[in-house]
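Participant: Just so you know, the protein sequences line up as chains A and B, in that order.
Read the first sequence against my numbering and you will find it ends at 714, with the numbers running on by one and no gaps.
Read the second sequence against my numbering and you will find it ends at 714, with the numbers running on by one and no gaps.
If you are wondering where the hints come from, they were derived from the structure by calculation, not from laboratory data.
Treat the hints with caution; some may be incorrect.
In this list, chains with the same sequence are indistinguishable; a pair is considered to hold if it fits within one copy or across any two.
Derived DSS-like pairs: lysine-lysine, alpha-carbon spacing no greater than 27 angstroms straight-line [as the list claims (entries may be wrong)]:
| # | residue 1 | residue 2 |
| --- | --- | --- |
| 1 | 471 | 553 |
| 2 | 608 | 553 |
| 3 | 644 | 584 |
| 4 | 668 | 457 |
| 5 | 697 | 488 |
There are 2 protein chains.
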Amino acid sequence: MTTQQLISQIFSKKSFLCIGLDVDIEKIPSHLRITEDPIFEFNKAIIEATHDVCVAYKPNTAFYEAYGIKGWQSLERTIAYINQNYPEIFTIADAKRGDIGNTSSMYAKAFFDDLAFDSVTVAPYMGKDSVEPFLAFENKHTILLALTSNEGAFDFQTLQVNGKEIYKTVLETSKTWKNSHNLMYVVGATKAEFFTEIRKIVPDSFLLVPGVGAQGGSLSEVCKYGMNENVGLLINSSRGIIYASADVDFAEKAREEAVKLQQEMASLIP
Amino acid sequence: MTTQQLISQIFSKKSFLCIGLDVDIEKIPSHLRITEDPIFEFNKAIIEATHDVCVAYKPNTAFYEAYGIKGWQSLERTIAYINQNYPEIFTIADAKRGDIGNTSSMYAKAFFDDLAFDSVTVAPYMGKDSVEPFLAFENKHTILLALTSNEGAFDFQTLQVNGKEIYKTVLETSKTWKNSHNLMYVVGATKAEFFTEIRKIVPDSFLLVPGVGAQGGSLSEVCKYGMNENVGLLINSSRGIIYASADVDFAEKAREEAVKLQQEMASLIP
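For reference, chain A alone in the conformation it holds in the complex (with noise of 0.2 angstroms):
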């Protein structure tokens, strides 16, 4: 997907949120835990719900591999159906994977070629060797991981280098390896005040930003800071959405809390 394709979802459906496929079989209603794919039943049912309230959908590849080669199995099943049903969206494989060059080719191939998610997300320490061979898929898009929702962002990603923070390195570092159009960046909700300086490092970059909800990040502050003229933003809900309800109406639930925030997203949007 280009990334014009993506901004004019968000204006038509004018909602620029993106909702977490991290399905806990744990927390999936009984009445879905007797079917052969629960996880699958499950996504497909809240994709049914809310396609047309939210822009992308992000399963964390963790709460797949959990479940070995089943939950692969629910992986490829639930990309497959996105893109089967509504190639509009845009997805991401939420997966933090970054290695060095000839390994990171194998994990861009498994997420580009094969799943066909339009982006992955890349964590940053092993530097630009690591990151290109994924920047080199034209019209799939690299979120590299700059500063991140949860409190251990401080541990490393906040301290300073020449009077200058790590993750600000990251952002002004990355702009010069080769193919960086393609790069997108994850930036907490959790870190609003931090937004200001982000956009003037990458002013016209989409951010994917976790950590509304459940994790305490709020919508409001972080159009405030980061909102451009495209948006630029792709605002993840996991948790808030796809639990709202443990019962048989738990679809019903997740569309209601997807349309609050498409709502307030809506009255947000320039």
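Model the placement of chain B on the given structure of chain A, informed by the hints.
Facilitator: What follows is chain B alone, placed relative to chain A:
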């Protein structure tokens, strides 16, 4: 596996060789490609030919994920084969994972419980709460990226924070985390001169050392600066061993290369 069991194995085999099972199907001898599970058949032959001269196997998950469900099956079969037949061997899932707490817990479950690996590699960028869920598993080992073997290591890992490189800050900070006795570290062989400084910070920890062979690192240099009284090193070789021949004699040639390294190691063990 306990650290003491790993140490005992090292002294009894006179080896601290780890063999990287980074299997690219394009490089597998053609007679195996017609089997039902070429990657597993390849690994099985390599394991049968080398298990008495190495102490660890390290499948890199990227090479399995690249083949989707079939790849994941090959990985499951490989680790099960090692655990059933050679339970004394230390197993490493080279996965370079790391995410917010509840997600890291899912990864830890996947690799430690379900696949039953002894250890997993983890990226430090997201800090304490992204690593501690792995450390919570007793007699399982979390191998944190410190200074990697690739060129991109110099992009961020060696930047100075308060007059000290980031990878040293990672080493020092990680020692304060809960259950830090379950930590090991990745340190690339291509940076042998850094081992002296690293040993000042983590004198007793095991270091997993990629980069000998194809990437150009020197075994004797690494041992000179990095070895401690328990050896404290796991030297990884992947391509140099597993692709020593692309013909029907691949396992035999792999053994020859492994034996060469093991003999050099025997001469270096105190």
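Participant: Take the hints in turn and mark each one as holding or not.
Facilitator: Evaluation of the provided hints:
Within a single copy, residue 471 and residue 553 get their C-alpha atoms only as close as 31 angstroms, which misses the 27 angstroms cut-off; across copies the closest is 17 angstroms, which meets it. Taking the shortest Cα distances, residue 608 and residue 553 never come within 27 angstroms of each other, neither inside one copy (34 angstroms) nor across copies (37 angstroms). Proximity of residue 644 and residue 584 under a CA criterion of 27 angstroms is satisfied intra-copy only: 24 angstroms inside one chain copy versus 43 angstroms between copies. For a Cα distance limit of 27 angstroms, the shortest separation of residue 668 from residue 457 inside one copy, 20 angstroms, qualifies, whereas the shortest one across copies, 62 angstroms, does not.
With identical chains, the CA atoms of residue 697 and residue 488 are at most 27 angstroms apart within one copy only, with a shortest distance of 15 angstroms there and 50 angstroms across copies.
The earlier numbered hint that this structure contradicts is number 2, and it is the only one.
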